[in-house]
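Peer 1: Listed below, chain by chain, are the residues.
2 protein chains.
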Amino acid sequence: MKQAIVVYSGGMDSFTLLNEVIASGEFDHVHALTFDYGQKHSKEIMFAMRAVGGMNVGQHKIVDVTSINQLLDSSLTATGGEIPEGHYEEDTMKSTVVPNRNMIMISLATGWAVSLGADTVFFGAHAGDHAIYPDCREEFVEAINEVTKIANYQSVEVRAPYLDFTKGEIALIGRKLHLDYGLAWTCYNGRAYACGKCGACQERLEAMEFAGISDPLEYEK
Amino acid sequence: MKQAIVVYSGGMDSFTLLNEVIASGEFDHVHALTFDYGQKHSKEIMFAMRAVGGMNVGQHKIVDVTSINQLLDSSLTATGGEIPEGHYEEDTMKSTVVPNRNMIMISLATGWAVSLGADTVFFGAHAGDHAIYPDCREEFVEAINEVTKIANYQSVEVRAPYLDFTKGEIALIGRKLHLDYGLAWTCYNGRAYACGKCGACQERLEAMEFAGISDPLEYEK
Numbered sequence: 001m002k003q004a005i006v007v008y009s010g011g012m013d014s015f016t017l018l019n020e021v022i023a024s025g026e027f028d029h030v031h032a033l034t035f036d037y038g039q040k041h042s043k044e045i046m047f048a049m050r051a052v053g054g055m056n057v058g059q060h061k062i063v064d065v066t067s068i069n070q071l072l073d074s075s076l077t078a079t080g081g082e083i084p085e086g087h088y089e090e091d092t093m094k095s096t097v098v099p100n101r102n103m104i105m106i107s108l109a110t111g112w113a114v115s116l117g118a119d120t121v122f123f124g125a126h127a128g129d130h131a132i133y134p135d136c137r138e139e140f141v142e143a144i145n146e147v148t149k150i151a152n153y154q155s156v157e158v159r160a161p162y163l164d165f166t167k168g169e170i171a172l173i174g175r176k177l178h179l180d181y182g183l184a185w186t187c188y189n190g191r192a193y194a195c196g197k198c199g200a201c202q203e204r205l206e207a208m209e210f211a212g213i214s215d216p217l218e219y220e221k
Numbered sequence: 001m002k003q004a005i006v007v008y009s010g011g012m013d014s015f016t017l018l019n020e021v022i023a024s025g026e027f028d029h030v031h032a033l034t035f036d037y038g039q040k041h042s043k044e045i046m047f048a049m050r051a052v053g054g055m056n057v058g059q060h061k062i063v064d065v066t067s068i069n070q071l072l073d074s075s076l077t078a079t080g081g082e083i084p085e086g087h088y089e090e091d092t093m094k095s096t097v098v099p100n101r102n103m104i105m106i107s108l109a110t111g112w113a114v115s116l117g118a119d120t121v122f123f124g125a126h127a128g129d130h131a132i133y134p135d136c137r138e139e140f141v142e143a144i145n146e147v148t149k150i151a152n153y154q155s156v157e158v159r160a161p162y163l164d165f166t167k168g169e170i171a172l173i174g175r176k177l178h179l180d181y182g183l184a185w186t187c188y189n190g191r192a193y194a195c196g197k198c199g200a201c202q203e204r205l206e207a208m209e210f211a212g213i214s215d216p217l218e219y220e221k
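So the protein lines, in turn, are chains A and B.
Number 178 in our numbering belongs to position 178 of the first sequence; there are no gaps in the numbering.
Number 161 in our numbering belongs to position 161 of the second sequence; there are no gaps in the numbering.
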């Protein structure tokens with residue numbers, strides 16, 4: 001039996017990835033793993049739960065890792081500072097980096113994979129992340145595979161198939177799969193409607209436009 | 001300012017390591033990181049807190065990661081099965097393996113290191129662990145360094161200086177440093193006194209004997 005785990009935040013990239021891995025038919029069971037790390041946009045998590053209800057997902061685990069926040073320092077977590085507005089730029093967005101986030105998430109996903117006997121962990125890093133986040137680069141994915149290959153009795157492969165895709169190209173995959181992006185939350189602010197102004201919203205809207213999708217999500221007027 | 005973090009369980013190996021790193025004088029501040037991952041021997045944690053009180057430790061963080069247990073499956077965590085008695089043997093002790101434990105702990109320690117601006121993470125894997133735990137081997141430490149070097153804006157080095165030391169040799173270091181091993185808990189059972197029978201106790205007692213130390217810890221009659 002071939003099983004995979006998809007690190008699934010509830011945002012548009014991992015929502016697309018989870019759907020694509022299921023649609024590929026490569027795995028008998030595809031499980032989803034969502035982290036509640038106290039992010040201000042925990043609304044993502046509610047969207048993640050709702051979306052999974054309509055998908056052919058094996059197990060969906062939501063793991064509360066908020067206790068880890070005492071080790072980390074970032075404006076993305078509830079105890080941190082203000083979310084910067086405007087486009088992602090290295091200077092402003094560096095403050096939204098959760099230190100070592102991908103290594104932590106992949107470590108935990110790999111632990112679950114070993115428990116389940118799953119041999120693959122997927123995560124949705126994409127080309128737009130490269131410039132800002134060192135742990136969204138090819139060399140990071142290669143290095144982490146050298147660890148997950150040997151850290152346990154069973155080998156786990158980490159795959160990041162969107163590494164060379166822009167967010168617009170990810171939206172194109174979603175369009176091809178007829179995904180409902182009203183089920184995916186992106187905004188870094190956790191208000192009733194998406195703000196449309198933060199870096200995450202702006203990137204999303206540009207991606208939708210690139211893919212010719214009219215974003216079904218509700219935005220603040 | 002040069003800072004280090006020592007992954008510190010409260011057991012004799014990491015107790016020795018923490019003391020040795022402080023005594024080395026290589027770092028301006030040495031911080032200790034203890035994980036509460038729901039282990040049955042959480043008594044270790046109480047011992048860790050008490051021991052740190054008498055040491056020149058910068059910050060000591062105890063991070064509750066018990067929510068992670070829903071992902072893992074092991075007799076070491078409170079929801080798992082019985083602790084096997086007798087000497088460590090691959091078959092019986094495989095069941096005490098927490099999947100991907102060292103990668104998870106090092107990921108979190110590296111996150112904290114980045115937050116603090118510390119450049120080194122120490123952990124106390126030793127030669128006796130090699131046969132059983134893949135994540136206590138030289139190749140694991142090498143591979144994980146390739147990740148921690150590039151996963152963040154700042155590089156973090158992971159050091160496991162006891163990798164080629166037996167537990168007896170670690171006790172010899174402790175003897176040289178005049179450590180009080182009554183401050184370090186080892187037993188896998190969390191009762192009032194150490195059981196003296198589990199694999200962990202047996203290894204400790206053999207190490208003490210090798211180093212010519214009379215173990216000051218109290219054992220069940």
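Warning: the hint list may mix true and false statements.
Note that the list lumps identical chains together, so a pair holds whenever it fits in one copy or between two copies.
[Claimed, not checked] Straight line, CA to CA, 25 Å or less: simulated SDA-like cross-link-like pairs of lysine to any residue:
#1 Lys61 / Ile132
#2 Lys2 / Ser214
#3 Lys2 / Lys197
#4 Lys2 / Asn69
#5 Lys149 / Asn69
#6 Lys2 / Gln70
#7 Lys2 / Pro134
Worth flagging that the hints you see were computed from the coordinates, not collected in a lab.
These numbers were taken from a predicted model, which means no experiment stands behind them.
Peer 1: Please go over all the hints and tell whether each is borne out by the structure.
Peer 2: Right, here's what the structure says about each hint:
Taking identical chains as interchangeable, the C-alpha atoms of Lys61 and Ile132 are never at most 25 Å apart, the minima being 28 Å within one chain and 29 Å between chains. For the identical chains of this complex, Lys2 and Ser214 are neighbours neither inside a copy (36 Å) nor across copies (52 Å), given an alpha-carbon limit of 25 Å. Neither within a single protomer nor between protomers do Lys2 and Lys197 lie at most 25 Å apart by alpha-carbon distance, with minima of 41 Å and 40 Å respectively. Taking CA atoms no more than 25 Å apart as the test, Lys2 paired with Asn69 passes between copies only; the shortest distance there is 23 Å, against 34 Å inside one copy.
Proximity of Lys149 to Asn69 under the C-alpha cut-off of 25 Å is restricted to the inter-copy arrangement: shortest distance 22 Å between copies versus 28 Å within a copy. For the homomeric pair Lys2 and Gln70, the shortest alpha-carbon distance between copies (21 Å) is at most 25 Å, but the shortest distance inside one copy (37 Å) is not. Taking the shortest Cα distances, Lys2 and Pro134 sit within 25 Å of each other only across copies (23 Å), while inside one copy they are farther apart (30 Å).
Hint compliance for this structure: hints 1, 2 and 3 are not met, and every other hint is.
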